[in-house]
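Chains as they are written, first to last, in the working numbering: chain A, 5 to 131; chain B, 209 to 707.
By construction, these hints were calculated from the structure, which means they are not laboratory data. Think of the CB as a built atom: it goes at the ideal place given N, C-alpha and C, for glycine as much as any other residue. Among the hints, a few may not be true.
Said to hold, decoys possible - Chain B regions said to be covered by chain A (calculated; three or more residues, Cβ under 8 Å):
# : region
1 : 635-648
2 : 659-667
Said to hold, decoys possible - Footprint (simulated), chain B over chain A, 3 or more residues, beta carbon under 8 Å:
# : region
3 : 21-33
4 : 36-50
5 : 64-74
6 : 106-114
Stated by the list, open to error - A short, non-exhaustive set of chain A residues, derived as facing chain B with CB atoms under 10 Å:
#  : residue
7  : S53
8  : S54
9  : Q55
10 : P56
11 : L57
12 : V59
13 : I60
14 : L61
15 : D98
16 : V101
17 : S102
18 : Y117
19 : G120
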Amino acid sequence: MANNLETESTANADEKVVNRNALELAALFIAAGLTLAALITAIGYDFSSSQPLFVILVPLVLLIVVQIYRSMKQGDTETSMNVVKAALGGKILDFAVSVKFFMLLLALLLCIYILGIMLVCYFRCFT
Amino acid sequence: MGILEGLVSGFAQAISLEVLPFLIVGSIFGMIIGIIPGLSGHFAMAMLIPFLYKMDPAPGIAFLLAAHATVAQGGGLTAILFSTPGTGQNAATLLDGPPMREQGKAGVAVGAAMTSCFLGATFGAVALALLLPVLQQVVLFFGPPEIFVLSFLALTFIAVLGKEDMTRSLIAGLLGLLVSMIGIDNVTNQERFTFGLLELYDGLPLVPVILGLFAVAEMFDLFVKGGSLVDKQHGTLSAGQTQKQIFEGICIAFKKWWLVMRCSAIGTTIGIIPGLGSAPAAFIAYGHAKQTSKSKETFGKGNIEGVIGAEAANDAVEGGALASTVAFGIPGSSSMAILLGGLFILGLETGVDMVTTDVDIVFVMIFTVIFGNFIGTIFGMFLVNPIARATSIRSSIMVPILIAVVVTGAFAAQGSLFDIVVTLIFGVIGYLMKILNYSRAAMLIGYVLGHAVEKNLYLATQLKGTFFFLSPIPLTLCLITLGFIAYNVYGMIKDRERL
Numbered sequence: 005m006a007n008n009l010e011t012e013s014t015a016n017a018d019e020k021v022v023n024r025n026a027l028e029l030a031a032l033f034i035a036a037g038l039t040l041a042a043l044i045t046a047i048g049y050d051f052s053s054s055q056p057l058f059v060i061l062v063p064l065v066l067l068i069v070v071q072i073y074r075s076m077k078q079g080d081t082e083t084s085m086n087v088v089k090a091a092l093g094g095k096i097l098d099f100a101v102s103v104k105f106f107m108l109l110l111a112l113l114l115c116i117y118i119l120g121i122m123l124v125c126y127f128r129c130f131t
Numbered sequence: 209m210g211i212l213e214g215l216v217s218g219f220a221q222a223i224s225l226e227v228l229p230f231l232i233v234g235s236i237f238g239m240i241i242g243i244i245p246g247l248s249g250h251f252a253m254a255m256l257i258p259f260l261y262k263m264d265p266a267p268g269i270a271f272l273l274a275a276h277a278t279v280a281q282g283g284g285l286t287a288i289l290f291s292t293p294g295t296g297q298n299a300a301t302l303l304d305g306p307p308m309r310e311q312g313k314a315g316v317a318v319g320a321a322m323t324s325c326f327l328g329a330t331f332g333a334v335a336l337a338l339l340l341p342v343l344q345q346v347v348l349f350f351g352p353p354e355i356f357v358l359s360f361l362a363l364t365f366i367a368v369l370g371k372e373d374m375t376r377s378l379i380a381g382l383l384g385l386l387v388s389m390i391g392i393d394n395v396t397n398q399e400r401f402t403f404g405l406l407e408l409y410d411g412l413p414l415v416p417v418i419l420g421l422f423a424v425a426e427m428f429d430l431f432v433k434g435g436s437l438v439d440k441q442h443g444t445l446s447a448g449q450t451q452k453q454i455f456e457g458i459c460i461a462f463k464k465w466w467l468v469m470r471c472s473a474i475g476t477t478i479g480i481i482p483g484l485g486s487a488p489a490a491f492i493a494y495g496h497a498k499q500t501s502k503s504k505e506t507f508g509k510g511n512i513e514g515v516i517g518a519e520a521a522n523d524a525v526e527g528g529a530l531a532s533t534v535a536f537g538i539p540g541s542s543s544m545a546i547l548l549g550g551l552f553i554l555g556l557e558t559g560v561d562m563v564t565t566d567v568d569i570v571f572v573m574i575f576t577v578i579f580g581n582f583i584g585t586i587f588g589m590f591l592v593n594p595i596a597r598a599t600s601i602r603s604s605i606m607v608p609i610l611i612a613v614v615v616t617g618a619f620a621a622q623g624s625l626f627d628i629v630v631t632l633i634f635g636v637i638g639y640l641m642k643i644l645n646y647s648r649a650a651m652l653i654g655y656v657l658g659h660a661v662e663k664n665l666y667l668a669t670q671l672k673g674t675f676f677f678l679s680p681i682p683l684t685l686c687l688i689t690l691g692f693i694a695y696n697v698y699g700m701i702k703d704r705e706r707l
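Next up, chain B with everything else stripped away, as it sits in the complex (with noise of 0.2 Å):
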């Protein structure tokens, strides 16, 4: 499929019928989810796993995808009205959104947020568009030694960029092949770690495995600190002062387009490398809008741009992250990670067969990215104070409602108590993953990527022997992987000297 006909295909698909109402629904879940701290995209996306059994390809990834594009917003508006970012991703904006606040200007900085959101995500996803002839070539490069060898390259940017310690990353990381090596071996016919449990045999489910780990695990870690999901409630604004204030903000983002487009080209460029994701990229971003301000000075007691900056590079990100996802098969980030699950279950393949046949599926995902931003702002804008109201819900009221959404998920997938059992282990692994830094994004990363890496091996060393990584491709990607493992445990030994 040529890409102007995918572009008109992917438009006509998000604006039917079959897939907008899914597109709205998802925006609104992945808003709710974005306001409530703790909770955040890869647990809006989580939940939304078990339903894309039912669903067709196109709905099913609007369905998803919306959800994950409209979580940063909704965290962005807790992070300004209630200084508590509803995911990590939102930090930035506490610099200058709370200290806006104070100043009477919390629906300028909404409006503001709200609408650089919008116009990062569009930006991020038309560049993704943009790169698509780009990574139709580049794609056609990559054979299963070259595949092989990225998805350790991509596990390797994620242990050393993620937030978490190395050494604990790259374990995760391992730990997640590991787990996606369980079951019957496709080409031999071997059981592995199946313990003669015929539930096994077709490996761990997905669905489970990711509810577990995102889902449960979150639900742990609220029971276990208890309370109020935010102690404190600074005053809302009236619903007329809101408005008004937020349209001032509109106008402002709009004023600043080219310190919106500057940020947003940051976020993209940080989106295409994984493990790096949306919190470094708004930081770098408030980092540019505060080095090229005309008034430095007042950044962190309430300056507008930094607000403008954090947000349009934070979701800018999406399209960056997007690219390695659909043309090589390797997320960045465990967003992506469920993404790239979803679209197993929906039956579909990324790679060279995404790039090329179903360019279409491809701009429905850009599409969803920009609508369901918009439908975000939008519906953030009118309802900022009704839904602000969601974080004042204690968690021992949210806990038992989730966890029955998430028990239901999890049987739904294929109406197995089994399936229960394996979502409550993975929320324990998770949940002591989460508290003693472990990464779940490298387990999960490296459990998906697991049927990948297995598959390209063995194609590898039967297309090229043994020694297949030492084609100039692999070889440069090893050398590559190599080198940055190498240089940061230098760093850290330089490091430990110092101190």
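If we strip away everything but chain A, and leave its shape as in the complex, we get (with noise of 0.2 Å):
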């Protein structure tokens, strides 16, 4: 019984680091788009400006693709890329409750938008 409990746990320790693995990996990906597409925006600026857009994007870059690397050498890719869609399949369970929160945040922030509203048309029409 003890036994089976410590494999338990062990397992899910070890699911636990592959699907964070797999979140750092797919976090990382758009980290990397959104810095790439950064730097060739800058390029457009004036010098002055993209001055220290170059100093801060140059080494962010290389840094993002040595952390990618990393990450790659830690869990195999086919692994990651079943885990992020389990994870978008609500498979998931912590990913899952952070998905209901954040899509909680954003009912809340519609409501506030629609009762905004709500009081300006409220106050126009009757002030």
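From the two separate chains plus the hints, produce the assembled complex.
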């Protein structure tokens, strides 16, 4: 019984590491895309304005590439892709709860927006 | 303004009726936040930032800093009573606090911890006051090239010495710098990454970024974890027993004044180094207390010296951390970055102006740290049992209340719905960073330093040309930065080879 519990907790811990690695890879690819886009955009700016951007973006791109390499070495790409698919399908509990919370926050934002519009309309019509 | 004049003015402001109420409210708020596991000093400060817009400098600083000053006291209290440190910096208190509770000496440990916190904070604040004449001279050597290179050195220290992975922290710091570049460039009027949005012309607003990274991200975490904040409720002491034991603990802390002084000195010194923070200071002080104790074998089994050492160092850190923040505008931790943001909102400039002209403001900070901790100590001692009940609140109740406060704070700053959107976006980014072990402190420090980095890079190139970093001080700082990174990369490669 104790052995079963131990095996189960080790399996859970391993699963968490794999999930985290997949999440990090996904986040890093998004960050890399955005950073490259920023770098290309910065080329079009006036030199005085783009100078600090280059000081920041060049090492940033390099570091993101290094981190992607490190993450890919930790786990295989196929497993990561499967984890991302499972997460998007709502099969990973923590991720699903986080998404649920984000949706609640979006709903709150929508409520504030709608109530704001209603209040503006009310004051325009009745005052 | 002279130092003596600043001291008198700072003291008069700190005890004035315009400042003292904010100091008291801030202290109590910080204490309560410290008690709640999962919420820490930067959360307390982030929640208070929106209030600063309508405040004068002295009350604003007192409000913000008092909340931060007492967080460690609250965290120490729950570490002893519930074996759950309210904040990470109280982890060292777990080694001897809970064993003392098991022996029926919880009140003694609480009294000693509270008093050590107060004495440690006072030591750190006095050290800052004594450092002021030195800082006034040193800061004159730091022009735009020096500040530019120093910013990168600080970010490197935070990335390398922080608890997170070095590469991840460097990425976070640079992302923070990048985010700070959004908006219209003041020199050339060039729009950068604004996507044509009018709201982004002035850059990303500071308050929503802070609230998102630290407050909303914590709410995500609490929501995902669910349940009660502290699972196991250990029996609390009766009021009479508690008071008696607390006074015993206070007496012991005063009797061990030499240990308090030594551990506070460790804390203050570590506080000056950006990136290390309170938790390592507490552990180093704990180790020192154990090493120098006559009864080493009882450490970890409920030795009061372990509690005193850790808690004194914990709070003494603030004095050191404040020194680099006010003198060079380089924050050493996320809390100091939020404080720096608060100072911008209050219209104050750090650096030469702060340590030469606004000396009274520095002394308001010093007295706030001392008085804030004193109020926290008194409050904590008499209300141990009732305030400790805050830990039994379920996160399902806590999260909606705090989210309402956070959203109101984000909106109130400029009355803009866009700020709430920014808060939510940075909440998601902050939560991702938290679970993926990316340093949010580095990102915030990068973001807060961004403006200074850009301004000083521009001035440095205008004043000294492209190779401005070849002047003696910038070159030395560059070499330290590169040497520091190289040494750590070498260490990492060595470790990997050994495995």
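Please verify that hint: L61/A, Cβ, nearest Cβ of chain B, below 10 Å or not.
holds, 7 Å
With a cut-off of 10 Å on the beta carbons, see whether D98/A makes it to chain B.
holds, 6 Å
For the hint on I60/A, just tell me whether its beta-carbon gets within less than 10 Å of chain B.
This interface hint holds because 5 Å falls under the 10 Å limit.
For the hint on G120/A, does the least C-beta distance to chain B fall short of 10 Å?
holds, 7 Å
Supplied contact hint for S53/A, tested at 10 Å Cβ to chain B
holds, 4 Å
Given S102/A as an interface hint, is the shortest Cβ-Cβ distance to chain B below 10 Å?
holds, 6 Å
Apply the coverage criterion to the region 21-33 of chain A and chain B: a residue qualifies when its Cβ sits closer than 8 Å to a Cβ of the chain, and three qualifying residues are needed.
That given contact holds, which follows from 4 residues of the region 21-33 of chain A lying within Cβ reach (below 8 Å) of chain B.
Would the hint on P56/A stand, with a C-beta cut-off of 10 Å toward chain B?
holds, 5 Å
Regarding the hint that V101/A lies at the interface with chain B, is the smallest CB-CB distance below 10 Å?
holds, 5 Å
Apply the coverage criterion to the region 659-667 of chain B and chain A: a residue qualifies when its Cβ sits closer than 8 Å to a Cβ of the chain, and three qualifying residues are needed.
holds (count 4)
Does the interface hint hold: is S54/A within less than 10 Å of chain B, judged Cβ to Cβ?
It holds, given that the least Cβ distance between S54/A and chain B is near 8 Å, below 10 Å.
Quick check on the hint: Y117/A CB to chain B CB, less than 10 Å?
holds, 6 Å
Of the numbered hints listed earlier, not one is contradicted by the structure.
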